[in-house]
Structure formats: C-alpha cells, structure tokens
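S.K.: If you want the building blocks of each chain, they are given just below.
2 protein chains.
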Amino acid sequence: MGLSDVGEFGLIKRFRSHLSFHSNRIGLGIGDDGALIKPNPAWETIFTIDTLVEHVHYDLSYTPFEALGWKALAVNLSDVAAMGGLPVCAIVSLGISDFWTIKTIDDFYQGLNACSHAFQCPIVGGDTVRLPRDSIITITVIGEVESGCALKRSGARPGDYLCVTGPLGDARSGMEVLTEGNNDLEYNDARTRFLKPVPRIYESRKLLKHGGVTSMIDISDGLSSEIHHICRESHVGCRIFADRVPIASSALRWIEKREHSILSFVMESGEEYELLFTIQPEAYYRLESNQYYGISTLQKIGDIRKASEGVIIEINGETTPLNFQCWDHFHQ
Amino acid sequence: MGLSDVGEFGLIKRFRSHLSFHSNRIGLGIGDDGALIKPNPAWETIFTIDTLVEHVHYDLSYTPFEALGWKALAVNLSDVAAMGGLPVCAIVSLGISDFWTIKTIDDFYQGLNACSHAFQCPIVGGDTVRLPRDSIITITVIGEVESGCALKRSGARPGDYLCVTGPLGDARSGMEVLTEGNNDLEYNDARTRFLKPVPRIYESRKLLKHGGVTSMIDISDGLSSEIHHICRESHVGCRIFADRVPIASSALRWIEKREHSILSFVMESGEEYELLFTIQPEAYYRLESNQYYGISTLQKIGDIRKASEGVIIEINGETTPLNFQCWDHFHQ
Chain F
21 MGLSDVGEFG
31 LIKRFRSHLS
41 FHSNRIGLGI
51 GDDGALIKPN
61 PAWETIFTID
71 TLVEHVHYDL
81 SYTPFEALGW
91 KALAVNLSDV
101 AAMGGLPVCA
111 IVSLGISDFW
121 TIKTIDDFYQ
131 GLNACSHAFQ
141 CPIVGGDTVR
151 LPRDSIITIT
161 VIGEVESGCA
171 LKRSGARPGD
181 YLCVTGPLGD
191 ARSGMEVLTE
201 GNNDLEYNDA
211 RTRFLKPVPR
221 IYESRKLLKH
231 GGVTSMIDIS
241 DGLSSEIHHI
251 CRESHVGCRI
261 FADRVPIASS
271 ALRWIEKREH
281 SILSFVMESG
291 EEYELLFTIQ
301 PEAYYRLESN
311 QYYGISTLQK
321 IGDIRKASEG
331 VIIEINGETT
341 PLNFQCWDHF
351 HQ
Chain R
21 MGLSDVGEFG
31 LIKRFRSHLS
41 FHSNRIGLGI
51 GDDGALIKPN
61 PAWETIFTID
71 TLVEHVHYDL
81 SYTPFEALGW
91 KALAVNLSDV
101 AAMGGLPVCA
111 IVSLGISDFW
121 TIKTIDDFYQ
131 GLNACSHAFQ
141 CPIVGGDTVR
151 LPRDSIITIT
161 VIGEVESGCA
171 LKRSGARPGD
181 YLCVTGPLGD
191 ARSGMEVLTE
201 GNNDLEYNDA
211 RTRFLKPVPR
221 IYESRKLLKH
231 GGVTSMIDIS
241 DGLSSEIHHI
251 CRESHVGCRI
261 FADRVPIASS
271 ALRWIEKREH
281 SILSFVMESG
291 EEYELLFTIQ
301 PEAYYRLESN
311 QYYGISTLQK
321 IGDIRKASEG
331 VIIEINGETT
341 PLNFQCWDHF
351 HQ
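These protein sequences, in sequence, are chains F and R. Whatever position you read off the first sequence (first residue = 1), add 20 for my numbering. Whatever position you read off the second sequence (first residue = 1), add 20 for my numbering.
So that you can see chain F by itself, here it is in the shape it has in the complex (with noise of 0.2 Å):
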C-alpha cells in the first residue's frame, strides 16, 4: 500500500490513530479547523516554534524515522523548559518527501507520541504536505507557565551564579559517531543524546519553584552561544572557569581520540539541550542544600558580572574574551 493509496485524509486517520496521549485540558482535538484548548485562568501562555529540515537538521541515511518523531517534538518541548512552564498540547506540520512511505511515517508517529506521553504533551492537530524533495517538519508548542514566573533570558543580575543542568558535548560527538558509521557500543549515551534528546522539563520545574532563578535558556545553539545570548538580554558580563564546564564522558573519550581541542568541542556542541541557568548566591546555596532536588549532573560554571567586564572565560588562571563559534545558518 502506497502513499496515493491512502491519501490525505487516509494519512489523517492514520495521524489520529497512532497519537494516544490525551488530556482533559482539550476541548477539541485533530480533524477540525482548530483544535481548543480549556483556559488555566492563572498560568500564561508559552508560544514556541521550531523546524527541522532534512539534510540542514538531519540525515536519514542515519536517523531512524522513529527517533526524528521524538526529537522534533522534544526540541520544542525543551523550548517550553528554558522558560520555566510545562506542555500544554502540540501542533505538528510534517513535509514528506518521495523517500517516505506508510511504514515510514508510521514509525514517526510512533516516535512523536512516545515524546508526547512521556512529556504529558497531546499532539492536538497537523496537516501533511508532500514536497518534491527534502522533508521538513514544524512543529509549534503551547505550554503554561504561572502568570509573572517565567524564566526569560533577560533576568540576570552581576552577583548571579551560572550554572547548567548537566554534561555537554555529547549531542555533537554522537553527531560524529553516527555521521562515520562508528558502531562502537561506548558511544551508546552519545547517540542517544543526539538522536533522542530529553527536554528538561522536570529539572525547570523544580527550578522555577525553588525560587531565586533570575535567567534561563536551553542550549541548542552551544553553550558559548547561549552565554552571549543571557549577557546580551540582560545587558550583563560574566566569568566562566574552563575547569568547571561538565564534558560528558563518551564525548571525553571521543574528543581524547582526535586532534579537537576539548574545550571548543564543548562549547560549540549545538543541540545539547540542557538548561543554562542563573541564580542568586543564596538560592543556590539553598538549592545545595536540597541536594540539586536528584539533579545530580547540576553544575555552577561562573558568575554574572557588570557589562563592562565583558564575558570572559579563565583558563589554567588566565582570562580570555568567550569567543567560539556556534552555529548560524546564514554564515555558513
């Protein structure tokens, strides 16, 4: 049975079928114009959107349609963490190519929802395009966060701590081993962690209402990108100690045997999705004594400083302007 065979409205049902998360929040799911979502009179309203498209954001020739599924909805859902809220419902917009088939997109959907139910996030609605060649997907998220909560990027104050929820580089190093076909079963965390990221809501949540948090982003750019992002929303410098950036450790072992220097590695590896936060001194002591709430991985990197000590890094004691580069479509 071929795509043509099922059809567009075929490909609907089939949509409705394989997404079996839902919650009591939707008036109105897939199949009409819109779908309605029950007002929470006291939260706001997140608003976020992101595409991935095929060859730019990933490759099929390693990516198991499966894990696109989860992936494309996990980096909007790590969208709605950076600001403190949790999922409301998603929107998706999938453009497929020649290459897909029923089996195909099936194996998305079974992705899609299996982040869906993991993340309590309804799929609430889509629609499907065929194009003549690359495949794209869109997908939009609302989430809620209470009113006056959210964590922006523009809070942080000099004085504040910089910290972030867990290791870095692994995104790009399995990124690498995929890329080479490297089936080596030490990179196992690596490839997950490129391929089925965890968006991390539960490690915002827990943030959000310890209280203290001034600032957040998640680091899909880099983290060196993400520090620029915090210092120039918020109109702040910042110190960061080398020494203090958590590498995880199949990216250690993959880094160790090449000629990258560690350091770059880790602050350009986009799409990494933890959490780059900052907090005022007594929060974070407080949250210290709260034993990180199980967040284990959770590192304090540097320091917020004023604008015009400019956002340095000190490496083996000798300071240094922050300046690698991250990812930008447009300087290619």
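Mixed in with the good hints there might be a few duds.
Note: identical chains are not told apart, hence a pair may lie in one copy or across any two.
Cross-link-like lysine to aspartate or glutamate pairs, in silico, DMTMM-like; alpha carbons within 25 Å at most [said to hold, decoys possible]:
1) K320 <-> D263
2) K216 <-> D147
3) K58 <-> E166
4) K33 <-> D127
5) K58 <-> E253
6) K33 <-> E288
7) K33 <-> D154
8) K33 <-> D241
9) K33 <-> E253
Think of the hints as simulated: they come from the structure by calculation, not from any bench. Quantities reported herein were computed from a predicted structural model and do not represent experimental measurements.
Fit chain R to the given chain F structure using the hints.
M.R.: Structure of chain R alone, referenced to chain F:
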C-alpha cells in the same frame, strides 16, 4: 548587502523592526525561547497551523513577496475565523532558499505586517532557516473564542440551512490568470483574491454573536469537499441547489471564454477562504431581518438532511450525488 552579511541574528533584528503591531495581551514577544501570552479566563484557546510550500502552494514567478507574506498569515487567520474566534497572536517559521534576498525578505515581512495590522494579530516569534532548494512557510496562530461557543464542523443537524459568506471561483480564476500571465484589468479582482485572500473574521464574529450557527468551516479545498467535511463530521446528509451557489463575476467572465463547466470550476475552486456554515432556520430569518449585518454577499445554498439521504446537488431540477474532485496532496 547579502544574507550572510546580516546573519541569523541580524535577520531576527530586521524581523522585529518590521513587525509593528503590538497588543497588551503579549507579555513577551520575539527574542526569547518562547513568547508569553496573558490569559483570558472565560475564553478557550484556538490553535492552528498551515504550511505553504513553493511550487505546491505558491509560485514566485508571479507572486509578489509582499502578497506571499500577507497570504501566509491570512490562510491561518481563516482557520480561526472558521471556529468563530478572534486572533491573539502568530508565530512564523520561514524557510528561505538562495533565491531570497534581503529585499525580498523585507517585502515578505511588509506583507505579513500589513495582515497582522489588518486583523490585529501580533507576530510574537519565529525562526528562519536556509533551505537548499524550495522555500517553505509555516505559520501557527493562537486565537480565542468564548468558552463553549466555538463553531465546529460537527454541529450540523437535519433542518439547518447551509450558507456561504460570499461568491466563489475567483481564487481559481485568479490563479489561472496569473499562471497565463494575463494582464487584463478585468481580472484584477480575481488576481487580488488569489494573492491576498481576506480571512472572514468580521463575518464569523457577527454570525457567532447572532446565534443559531451550528457548524462552520472555511473553504480552502473547494466547496464540494468542505460540504462533505461538514456532513461527515456531523453525521448528516444535505441537498444543495446548483443555481444558488454564488459565482464571482470575474470568475464567470473567465470561465465563459473557456470550455470549463462553470459548476465544477466553482465547486473545485480551493483557497477561496469564504466561510461555509449551517444555521437554524429561525436564526437564518433573524439574519435576513438584520440585513445580514452588512454581509451582503451571504447566500443560502441548501439544507441539511438525514445522513441516509446522502449528499446531493440539484441541477436543473435533477438531483445527483455531490461528487467533484478537490485538492488532495497525495492523490495527484
């Protein structure tokens, strides 16, 4: 100045500066991980997505970029209108090809901005990616409607009247005129209709407040297809009268010079974005006595029957099943 001189963040800056409609419902707009929207406690949220793909939905050889920006938002607003709602905000994912320049992007944003102002729908975020080949635009709109009042596809009941908000056919004749490169002034209306459709937000809100409307859908695939959608979702049949289907005058002129069947041309004309709705007879008569609130083109075209009576059309006193071929991406 080329795209790579501006870079991704330069583009975001331009994007921000072009989009000038703001609303006090928006707590945080472009530039963070997500936008924040203040709650409206007694209203439900409408959530809708639409993707336009180059060579499938638009052709840049005759589509001005400014019109493309307008249309990309308008088709989404039409979905909000089809639910009886008002727009709250929109988010844009723009995938541009090498054919796009700073100038064409500026023109696109200008059209987007004009539509955003016309229907009071601020653009609160988005992303821009560079694609290897065809461009693609995905927009998601958040709208809202008084809780419990949304106009779904599933509410039509036997005895209701079936109506459209205005004449049809111009979207298709407009597209054919443009494809042929025909510059005759007599087809200006048709070209404009195709390039810059008007979402029927005003009409939809008037009808919702009037009461008695039982179902609604916007005509994006073609009248025939939309009638079937309403009948299928509402588990009803219907009878429409061919001679009551309103036809746009420039479409009539266009068709008369060709060998098309007028009826099938109009029935299959997609992207019209008029509203198709069902209404209780008593409410319809009240609508008449209110001069249709100035919706002078509103037309009753048939009535809803039991499902067992089928979906039929009466042509010159003879009835036949309503069976025209409408647009399906997977059945070309």
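S.K.: So, against the hints stated earlier in the document, which numbers end up violated here?
M.R.: none
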